[in-house]
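Q: Sequence:
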Amino acid sequence: MLIDRRIHNVETLGQIYGCAETLVSSDNPKLHITNFSTEPILINQGTVLSTAHTPSSTLDKSSPIKLQTLEAQVKTIQALLHPVTQYHHSEIKTIDDLSKRPVENDRPGEPEVEGGPKTAEVPPTETNLEEFWQNIDINEELDSIKINSLKNILQRNLNAFSINGNLGNYEQHVEIPLVPGTKPISIPPFNASPEKRAII
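full-length UniProt numbering applies: residue 1 is where the sequence shown begins, and numbers increase by one.
The set of hints was computed from the structure by calculation and includes no laboratory data.
Calculated lysine to aspartate or glutamate pairs in the DMTMM-like style (CA-CA distance at most 25 Å, straight line):
no., residue 1, residue 2
1, Lys146, Glu131
2, Lys151, Asp137
3, Lys61, Asp4
4, Lys151, Glu130
5, Lys151, Glu131
6, Lys66, Glu21
7, Lys30, Asp4
8, Lys61, Asp27
9, Lys196, Glu126
10, Lys151, Glu140
11, Lys61, Glu21
12, Lys146, Glu130
13, Lys151, Glu126
14, Lys151, Glu141
15, Lys61, Glu71
16, Lys75, Asp60
Build out the structure end to end from the sequences listed, making use of the hints.
A: Shown next as structure tokens:
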């Protein structure tokens with residue numbers, strides 16, 4: 001037998017239960033019921049749970065005409081999906097391969113950006129040596145020996161704090177390969193005034 005799908009909703013008791021569309025064998029005439037409620041339910045004898053049909057008269061039967069129609073539909077769907085499923089795979093193994101690739105505009109439809117990089121950044125604030133020692137906050141609960149030791153450590157490493165605009169110097173040169181024809185860009189990091197960007 002072919003059993004229809006049906007949901008029962010008993011609002012007064014807050015019960016929701018039902019069965020899915022399924023085939024039931026005459027050798028084992030049992031119907032699975034799903035309880036969607038939070039509590040057990042009681043189904044009285046004689047309650048109509050669903051409607052049964054004879055599969056031979058209800059279900060569709062295959063025929064050569066239907067089979068040809070299904071094959072035509074499958075071919076149509078495959079033809080529509082074929083361009084979508086195609087993809088292009090590219091792989092760069094060395095820097096030389098990268099330099100041979102053509103340069104493309106990463107912002108099509110927009111005018112080319114003029115100027116060098118980082119022109120919109122706020123210039124860093126320099127700190128002189130007197131202000132540095134005034135701004136350093138050392139715990140006053142430490143004894144004089146420990147305070148002097150900390151000051152000696154700071155004194156030996158003043159270059160790490162950009163005193164008087166001194167950012168230090170590292171004797172090393174590194175070459176960064178770029179794609180030939182690449183132009184420098186100048187894009188503001190934030191859509192705000194210099195004062196607001198400093199706060200950000």
